[in-house]
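S.K.: Construct the entire structure; sequences and hints are all you get.
Residue numbers (my numbering), protein chains in the order written: chain A, 4 to 148; chain B, 143 to 227.
A couple of the hints might just be wrong.
To give an idea of the chain A side of the interface with chain B (calculated C-beta under 8 Å), a few residues [stated by the list, open to error]:
1) Pro30
2) Met46
3) Ser47
4) Lys100
5) Leu102
6) Ala122
Cut-off 25 Å, straight-line C-alpha distance, at most; resulting in silico cross-link-like pairs (DSS-like, lysine-lysine) [stated by the list, open to error]:
7) Lys126/A with Lys167/B
8) Lys143/A with Lys126/A
9) Lys8/A with Lys167/B
10) Lys75/A with Lys135/A
Just so you know, the hints here were simulated from the structure itself, not pulled from any lab data.
Glycine residues also receive a C-beta, built at the ideal position from the N, C-alpha and C atoms.
Each chain is listed here by its residues.
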Amino acid sequence: MSDTKEITIGIIITFLILFFAVSPFLPAPYNVFSKDVVGWTFMSIGVFFVFLGSLGLVRMPDLYCRMQTATKVTTLGALSMLLGVSVLAASGVFMLKALLIGIFLLLTAPISASVLIRAAHDKGIPLTDETKFDRYEESKAGEEA
Amino acid sequence: MGVWADVLFAVILTAIILGLYRLIKGPTNADRMVALDILTTSTVVLIAYLSWYFGRIIYLDIALVYAALSFIAVIVLGRYLEGGV
Numbered sequence: 004m005s006d007t008k009e010i011t012i013g014i015i016i017t018f019l020i021l022f023f024a025v026s027p028f029l030p031a032p033y034n035v036f037s038k039d040v041v042g043w044t045f046m047s048i049g050v051f052f053v054f055l056g057s058l059g060l061v062r063m064p065d066l067y068c069r070m071q072t073a074t075k076v077t078t079l080g081a082l083s084m085l086l087g088v089s090v091l092a093a094s095g096v097f098m099l100k101a102l103l104i105g106i107f108l109l110l111t112a113p114i115s116a117s118v119l120i121r122a123a124h125d126k127g128i129p130l131t132d133e134t135k136f137d138r139y140e141e142s143k144a145g146e147e148a
Numbered sequence: 143m144g145v146w147a148d149v150l151f152a153v154i155l156t157a158i159i160l161g162l163y164r165l166i167k168g169p170t171n172a173d174r175m176v177a178l179d180i181l182t183t184s185t186v187v188l189i190a191y192l193s194w195y196f197g198r199i200i201y202l203d204i205a206l207v208y209a210a211l212s213f214i215a216v217i218v219l220g221r222y223l224e225g226g227v
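M.R.: This is the structure we're talking about:
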């Protein structure tokens, strides 16, 4: 029951964000927000998350936590920055190219993160002392047994 | 809005400097590769910003090629770290 509620709230929030993003390009009664508001909001969110990701890179205790902040830079930071820049530029070619870069980043970031983390874990780079459990180690031990 | 654009540019540059700190200091090679991954993504963001700031769409092509090359670089370095290839 609570699952249904959470999914409904998620869908509503997604549609609100989508409406916020495309509202400058809609016809008269629906263009609630101007291009400047939408573009600067998305650009600020993107730059904020790029900064937070780099800050986490310096402050996190071990490699695996640092990799976790790297995914934030790609998904939230780069994607909303590209979206904001393309809304501000308001040209079709710009938007198409920014969309191409966004799709490419969205497809390749998980692959490179997974390759890096698996290589590092197999290599035996130590986890931080505060680690509670390590599911990958358990699954590897299960395969050998 | 001109001042705010400069502030955003300065924040991106600060993020890149923080990434460079981890790239130089990182205890292991894997840490340096994670820092490189973040740095390339930040650079794509920076190029997109500059492309809008100077009003030149052609800069986005550079960002696209840079993203593709950084993906290949990270994959190759990951295979190298794993001990394959």
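S.K.: Lys126/A and Lys167/B: Cα distance at most 25 Å?
M.R.: holds, 20 Å
S.K.: Against chain B, run the beta carbon of Ser47/A and see if the smallest gap drops under 8 Å.
M.R.: holds, 7 Å
S.K.: Regarding the pair Lys75/A and Lys135/A, is the alpha-carbon distance no greater than 25 Å?
M.R.: The hint holds at about 23 Å.
S.K.: Does Ala122/A meet its interface restraint, that is, does its C-beta lie within less than 8 Å of any C-beta in chain B?
M.R.: Given a least distance of 4 Å, the restraint on Ala122/A holds.
S.K.: Go through the hint on Leu102/A and say holds or violated, using the shortest Cβ distance to chain B against 8 Å.
M.R.: violated, 10 Å
S.K.: Restraint: Pro30/A near chain B, CB-CB cut 8 Å. Satisfied or not?
M.R.: violated, 25 Å
S.K.: Does Lys167/B lie within 25 Å of Lys8/A when you go C-alpha to C-alpha?
M.R.: violated, 46 Å
S.K.: Does the alpha-carbon distance linking Lys143/A and Lys126/A stay inside the 25 Å limit?
M.R.: Distance of about 13 Å is within 25 Å: holds.
S.K.: Given Lys100/A was flagged as interface, is its beta-carbon under 8 Å from a beta-carbon of chain B?
M.R.: holds, 4 Å
S.K.: Does the nearest C-beta of chain B fall within a distance shorter than 8 Å of the C-beta of Met46/A?
M.R.: Result: holds, 6 Å to nearest chain B Cβ.
Violated hints, listed in ascending order, are 1, 5, 9; each of the other numbered hints is respected by the structure.
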